[in-house]
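There are 2 protein chains.
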Amino acid sequence: MKKYWSKRIQELEAYVPGEQPKDRKYIKLNTNENPYPPSPKAIEALEGAIGEAMRLYPDPECSAVVEAIAQCYGVEKEQVFVGNGSDEVLAMCFPAFFDTDKTILFPDITYSFYPVYADLYQVPYETVALNDDFTVPVDELLNPNGGIIIANPNAPTGIALPLDEIERIVAGNPDSVVIVDEAYVDFGGVSALPLINKYPNMLIVRTTSKSYSLAGMRVGWAMGDNSLISALNTVKNSINSYTLDRVAIAGGAAAIADQEYFEGCCNKVIATRQRSIAALRELGFECLPSATNFIFAAPAKISAQELFTKLRERGILVRYFKKPRIDRFLRISVGTDEEMDALIAAIKEIIA
Amino acid sequence: MKKYWSKRIQELEAYVPGEQPKDRKYIKLNTNENPYPPSPKAIEALEGAIGEAMRLYPDPECSAVVEAIAQCYGVEKEQVFVGNGSDEVLAMCFPAFFDTDKTILFPDITYSFYPVYADLYQVPYETVALNDDFTVPVDELLNPNGGIIIANPNAPTGIALPLDEIERIVAGNPDSVVIVDEAYVDFGGVSALPLINKYPNMLIVRTTSKSYSLAGMRVGWAMGDNSLISALNTVKNSINSYTLDRVAIAGGAAAIADQEYFEGCCNKVIATRQRSIAALRELGFECLPSATNFIFAAPAKISAQELFTKLRERGILVRYFKKPRIDRFLRISVGTDEEMDALIAAIKEIIA
Chain A
125 MKKYWSKRIQ ELEAYVPGEQ PKDRKYIKLN TNENPYPPSP KAIEALEGAI GEAMRLYPDP
185 ECSAVVEAIA QCYGVEKEQV FVGNGSDEVL AMCFPAFFDT DKTILFPDIT YSFYPVYADL
245 YQVPYETVAL NDDFTVPVDE LLNPNGGIII ANPNAPTGIA LPLDEIERIV AGNPDSVVIV
305 DEAYVDFGGV SALPLINKYP NMLIVRTTSK SYSLAGMRVG WAMGDNSLIS ALNTVKNSIN
365 SYTLDRVAIA GGAAAIADQE YFEGCCNKVI ATRQRSIAAL RELGFECLPS ATNFIFAAPA
425 KISAQELFTK LRERGILVRY FKKPRIDRFL RISVGTDEEM DALIAAIKEI IA
Chain B
125 MKKYWSKRIQ ELEAYVPGEQ PKDRKYIKLN TNENPYPPSP KAIEALEGAI GEAMRLYPDP
185 ECSAVVEAIA QCYGVEKEQV FVGNGSDEVL AMCFPAFFDT DKTILFPDIT YSFYPVYADL
245 YQVPYETVAL NDDFTVPVDE LLNPNGGIII ANPNAPTGIA LPLDEIERIV AGNPDSVVIV
305 DEAYVDFGGV SALPLINKYP NMLIVRTTSK SYSLAGMRVG WAMGDNSLIS ALNTVKNSIN
365 SYTLDRVAIA GGAAAIADQE YFEGCCNKVI ATRQRSIAAL RELGFECLPS ATNFIFAAPA
425 KISAQELFTK LRERGILVRY FKKPRIDRFL RISVGTDEEM DALIAAIKEI IA
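These protein sequences, in sequence, are chains A and B.
Position one of the first sequence corresponds to residue 125 (this note's numbering), numbered consecutively onward.
Position one of the second sequence corresponds to residue 125 (this note's numbering), numbered consecutively onward.
Isolated chain A (complex conformation) (with noise of 0.2 Å):
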């Protein structure tokens, strides 16, 4: 019964995040979670946040976490924004910076909640297919447009483009927007940071939920042009003034100032992570080149489905995504050595 709903939303799709289960204990391999803990100096900061003063509203400007990024990554404070996690940064971008009379473009195998926030907002789009070999076809994307969203290394193939790449897609667009999601580039993208201060239409994206292991913290953020991060202010307060509460800020703050136990998370990561993808190769998947914390991964003996299937019932969750093209593929996160070492040994049970 949809009575009440408004028209915008009647026919609205809404995007379906991976199963966060609750009924048993999984190997979860399924939302590009850490498999390490954040920083101690962050859980010290989330820790000391708690106190009588939650009975005051936080810092709606988020100054700490500002201040962090805008040291650790060189950009001034006004270059910055921050969200409650990068899906909100993005879903602001879309009123921010798109049209409903202009076309944006972004590819055909993406995030899949672009198209959602394009809905909601009402922002016509169209997508362009990957190559064969599941690469952004940058020439696609110099066509008339009303913006451009990529996602840089692409989810869910894990692959990257390299910085000129990037540079062209922002160099030829110069009346659009240009964002570059880049959740996932610490483990081992090429982030288009060092343009910033070269392109006004060019806008980074980054979340703490991956590379700093604080998915359950919910701080993301934006760095670009001043003019871009005050449209994005615009935006923000006109929908919420505090979108960070006071434990977030601090922990937020304290995790990206860290970066000696940022990076070490991170190498590991991608030591495991090339462990598994030959260990895969093995046993006979094909594994696209991953430049991310996951694995994108063809088995050959099994469909992807029935392989996701079994999984799921010998306690490991991957994620499966039932459309064309993708079909044949299972995204999986990196764990832990042991985690991956399991679900090696339960992939040649199945396929045994």
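Hints should not be assumed to be uniformly reliable.
Once the Cα atoms are required to be at most 30 Å apart in a straight line, the calculated DSSO-like pairs of lysine-lysine come out as [to be verified]:
id, chain 1, residue 1, chain 2, residue 2
1, B, K127, A, K322
2, A, K126, B, K322
3, A, K131, A, K447
Over the 12 Å line for every Cβ pair with chain B, so calculated as not near, a few chain A residues [what the hints assert, rightly or not]:
id, residue
4, E264
5, G312
6, K472
Just so you know, the hints here were simulated from the structure itself, not pulled from any lab data.
Heads up, the beta-carbon is just placed ideally off N, CA and C, and yes, glycines get one too.
Given chain A, work out where chain B should sit, using these hints.
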């Protein structure tokens, strides 16, 4: 330079929250925060939520909060939607229930975020003028409309409508959604909750920021018919799957569950409010009858703007709205007895 801003936000005037100054210690009576800390059980739950699990996403359904609300308010879980503060919940109501070609109604003097939400989501609106005594003109809200939003008690007047008047609005608009923003209801208003099973077009919006002393954690919610709640979930899942972090979920649930502590704080605030109104009236102020945790008060011997400035110089923050009809008033949040005594003493000094 707004070259890259969408047309939608070119002229958008965002909401400006009350200041959260960092420069010095103030007696903060400007953003309607509770002067008492959150329940010790909430503090304990906040602390208990911190740990290695921060690397994992939070529960996207905020089940712990939903369950606490269902239990304390005697509603079904399917009648509850939880969001990042009531501001976010309200913001999601606009695309969920209001169309871009039907005019919604709200009072001319009310929470100043409503026209901002409407502008962002391109929902046309008309305001109905409050009566001369600042009460809501119920009959005017029975005119044809595409939706209604009212704060009850209203802000910044503090005046509450009785339940039968709310019912008249809800019953008189069977084809529109009527949103009743009850942010302040716990301080003396009468909730529309008893109407929830009778009217599928009524949505109640609540917050933990005032009566539950949890402004720092961002937990708000809505209660209404299942179909309205489903619409809100559709909008939420088109923006951000995880709007509350792990700590906020734990603390919000515990704060709501501790009804005894909550009632104690509300009663203390109400007692202090009545004392303060009496003291202000003795100084010649006109005070509207308040059913909230703030007092809307017009000084007699000095302009509101001047008094605002002089109080600020003395380290006391209140809120002044430079707007037609209400620019002779100050909105004064109810603090502790000591804080209100300091306020009264400062006012005496200033007007002497």
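Comparing the hints with the structure gives:
no., hint, verdict
1, K127/B with K322/A, "16 Å, holds"
2, K126/A with K322/B, "17 Å, holds"
3, K131/A with K447/A, "27 Å, holds"
4, E264, "22 Å, holds"
5, G312, "19 Å, holds"
6, K472, "27 Å, holds"
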